[in-house]
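Listed here are the chains, written in short residue letters.
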Amino acid sequence: MSIGLTPTEHVVLNMGPQHPSTHGVLRLKLTLDGEVILGCDPVIGYLHRGMEKIAENRTYAQFLPYTDRIDYLSSASNNEAFVLAVERLAGIEVPERAQYLRVILLELNRIASHLVFVATFANDLAATTAFLYAFREREVIMDLFEMWTGARLTQSWIRIGGVGSDLPDGFERKAHEFCRMLGPRLDEYDGLLTGNAIFRLRTEGVGVLPPELGIDWACSGPTLRGSGVAFDLRRAEPYEVYEKLGFEVVTDAACDCMGRYRVRMEEMRQSVRIIEQCLDHLPQGEVQAKVPRALRPPAGEAYGRVESPRGEFGCYIVSDGGTSPLRLRLRTPSFFHMAALPQILRGWKIGDVIAILGSIDIVLGEMDR
Amino acid sequence: MTAASPTGGVYQSLMHWWQAHGLPGWIFDGIWMVVMAAVVTVVILLSVLFLVWLERKISGDIQSRVGPNRVGGRFGLLQTAADALKLLMKEDIIPAGADKIVFVLAPFLVFVPTLMVFLVVPFSDRWLVADLNIGLLFVVAVSAFPVIGLFMAGWASNNKYAMLGAMRAVAQSMSYEIPLILAMVCVAVAAGSLKIGDIVSAQEHGRWFILRFPLQLAFVLYFITSMAEVNRVPFDLPEAESELVAGYHVEYTGMRFALFFLAEFGHLFFVAAFCATLFLGAWHGPVLPPVAWFIIKTYAMILAIMWIRWTVPRLRIDQIMGFAWKLLIPAALVTVLLTGLMSVL
Amino acid sequence: MTPEDLKAQFGDDVEAAEQVGRELRLRLRPASLVACCRFCKERGYSYPADITAVDTGAEMRVVYRLVSLQRGEHIVISVGVPRTGGSLPSVVGVLKGADWPEREVFDLFGVRFVGHPDLRRILLTDDWQGYPLLKTAQPAKGS
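Read top to bottom, the protein sequences are chains A, B and C.
Residue numbering for the first sequence follows this note's numbering, beginning at 3 and increasing consecutively.
Residue numbering for the second sequence follows this note's numbering, beginning at 1088 and increasing consecutively.
Residue numbering for the third sequence follows this note's numbering, beginning at 51 and increasing consecutively.
By construction, these hints were calculated from the structure, which means they are not laboratory data.
There's no promise every hint is true.
Think about it this way: if two alpha-carbon atoms lie no more than 30 Å apart in a straight line, the pair counts; the simulated DSSO-like pairs of lysine-lysine are [said to hold, decoys possible]:
| no. | chain 1 | residue 1 | chain 2 | residue 2 |
| --- | --- | --- | --- | --- |
| 1 | C | K91 | C | K146 |
| 2 | B | K1247 | A | K351 |
| 3 | C | K185 | A | K55 |
| 4 | A | K351 | B | K1413 |
| 5 | B | K1177 | B | K1187 |
| 6 | B | K1173 | B | K1247 |
| 7 | A | K31 | B | K1187 |
| 8 | C | K146 | A | K31 |
| 9 | A | K55 | A | K31 |
| 10 | B | K1144 | B | K1173 |
| 11 | A | K31 | B | K1247 |
| 12 | C | K146 | A | K55 |
| 13 | C | K146 | A | K351 |
Let's have the full structure, built from the sequences with the hints guiding it.
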């Protein structure tokens, strides 16, 4: 009598589009053998709003608020990429004070976005308490935004030629207070998460992204820096006043979820350094250059790239001399990271999908546009 | 000194009164059983309602927020009642393609054993419903039942996520029962009996079992494995919200869901109370009435379990299995060995 | 890498090449597309930053952006395609990261990529008719 193996089938499990941990409307078709993932087919486009097409029917100034909503967790980066491309096309010079203010806004957005990352990453792994702690800190940043721009999330304050307005009274004091407060709070998260044995079991060695794979698939930002590649657009192709500021490009050689998490944690500390330098060295001057009401950049093309909290966010504009762009392309990091996800997921278990997806930190708004 | 005739005085006097009127004793026994069941059910349900409120307040505290503070005064004391009422009024949906009979039975198979097991918990020196000779064995046997209910729920739901949750629940439960039982065996060896009453009386005058080497290890084992049995973080994979969207009970609505929910908290209460009974000297203690000591010890355990739940992340299923088989079971075996040695030395 | 290097390597297939800032922009014929990508990749431009298409109304071109992370320089390759029924060889064999961007160009512009392992719509639903980002496809305007 021969003993054969019980035949088993591969199960196709659908994660999403409604799911607490896919951070938005994303559908992952996972092919499983028991709990092990054999393949993953991401289905995206649930949040596709046709931003690029809309841009062809709006003036440059009219399109600016749309850019906030692309990656809504760090809207200033989107504004910045768009505005860099337009200013390059139209040859607009931004006053120095405005450049410093832009950097302050960008770095505050970076911290806010990374706090959301810590919160959601921890929450997905059931450390719910860290979620509330991170959001508590983020509320202070939201207060700062509201004080300055009137809006908590989608500020639209980085505009063509400068920023919306100068800093209000009391902002610098509050911002300094925030910078002083954040350091010890980040230590608190370290105590709660980074050193926790269970957290480490779930993230160390999980979701390894070899650097060659990352470069091949055009990953960027903390996802690529967590694999040891020291590529940061703020240093590689500096914009605004980043050249004058002292900060480190944070990398981690671990290539796993823990590496990416550590990169973002340390980046928050570096952002605090940058903000404090900007506040200390803020020059006097205008905050907005003279920009014609109906802006008609000369025919040509330009590509504005910024280091958004997620990676390389690019805005490629082709102008034909009219008031609306002929073509506006949004190169978003989450799109490329999601393309690489099936490569990373193969061989891991369902429980790891959450950790890996969380560690890559995608935002559906920018993936689908 | 032992709880030899639990609620004995009341039972005996009522029985005499009954038989004095010429009525057959067995009818009285029947009525007594129904009344006792009702009393236990009411007590446990009230405790569970309180526990849910407590969990929300404690989690709020740990997370630097307030917790319920609107329903029923500043402290939101009636919040759970309001939630229970809301659940009662929800639409009762049975998914298409679900195995109806199994689907409907499952919550009961989870809820009823959770109530049954309180029959042998000594709430005080006179409040113990039934001091069975095989009390400890009874607890072990009845605690194994809810797993069947979980699996039935996951199977009958006709939903892959529920099935995954159910399979995980079964794997986890079975794996963690072994060190759990072994820890309880240590206690039985130390007390020399399976009778809960004997275990309690062996701990009088401050000779709590937790102070007796090597029962500290048994205590730690029991504490950890009971968290796994109740499916609480870090062992809450069967219901892992963020992964399986509520796992095995994802398709349950309204009162059926409420039964699962109440069963989980009831089980939590039991596990804490039993831990206090086995290791912390049950209701023994100076000055205060015994029931007060019982409550203090039980809630100390509950607070510890809740604290852990809101602090640490969740383990992956293979890590949970590995932890049970590679660490806890060998540790439990060693503890049993040591306990045996200590009792003959 | 200079425009002259590319002209020397690919001759007449390079219709135009100029250096603008940190970008080397060239206009290429489809026949040399894959070879050019391979050529650039071997010289350090291995980061496939973006692939997209531009429909100017008069003509349509697909734009490939290859970046050298070490030098911080871009090579921007534009390849002309007809506005309907156009197709190009897929560069997925050379640049793995071209997979999804090529799918998106197919989805929104209708350019087919020959040799792509899985060419199907990515952002729009599978049964969508038409290619919305073409200039001929105007968004529906409310009344």
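Cross-check of the supplied hints:
no., hint, verdict
1, C:K91 with C:K146, "holds, 12 Å"
2, B:K1247 with A:K351, "holds, 16 Å"
3, C:K185 with A:K55, "holds, 9 Å"
4, A:K351 with B:K1413, "holds, 20 Å"
5, B:K1177 with B:K1187, "holds, 19 Å"
6, B:K1173 with B:K1247, "holds, 28 Å"
7, A:K31 with B:K1187, "holds, 29 Å"
8, C:K146 with A:K31, "holds, 21 Å"
9, A:K55 with A:K31, "holds, 29 Å"
10, B:K1144 with B:K1173, "holds, 20 Å"
11, A:K31 with B:K1247, "holds, 13 Å"
12, C:K146 with A:K55, "holds, 27 Å"
13, C:K146 with A:K351, "holds, 25 Å"
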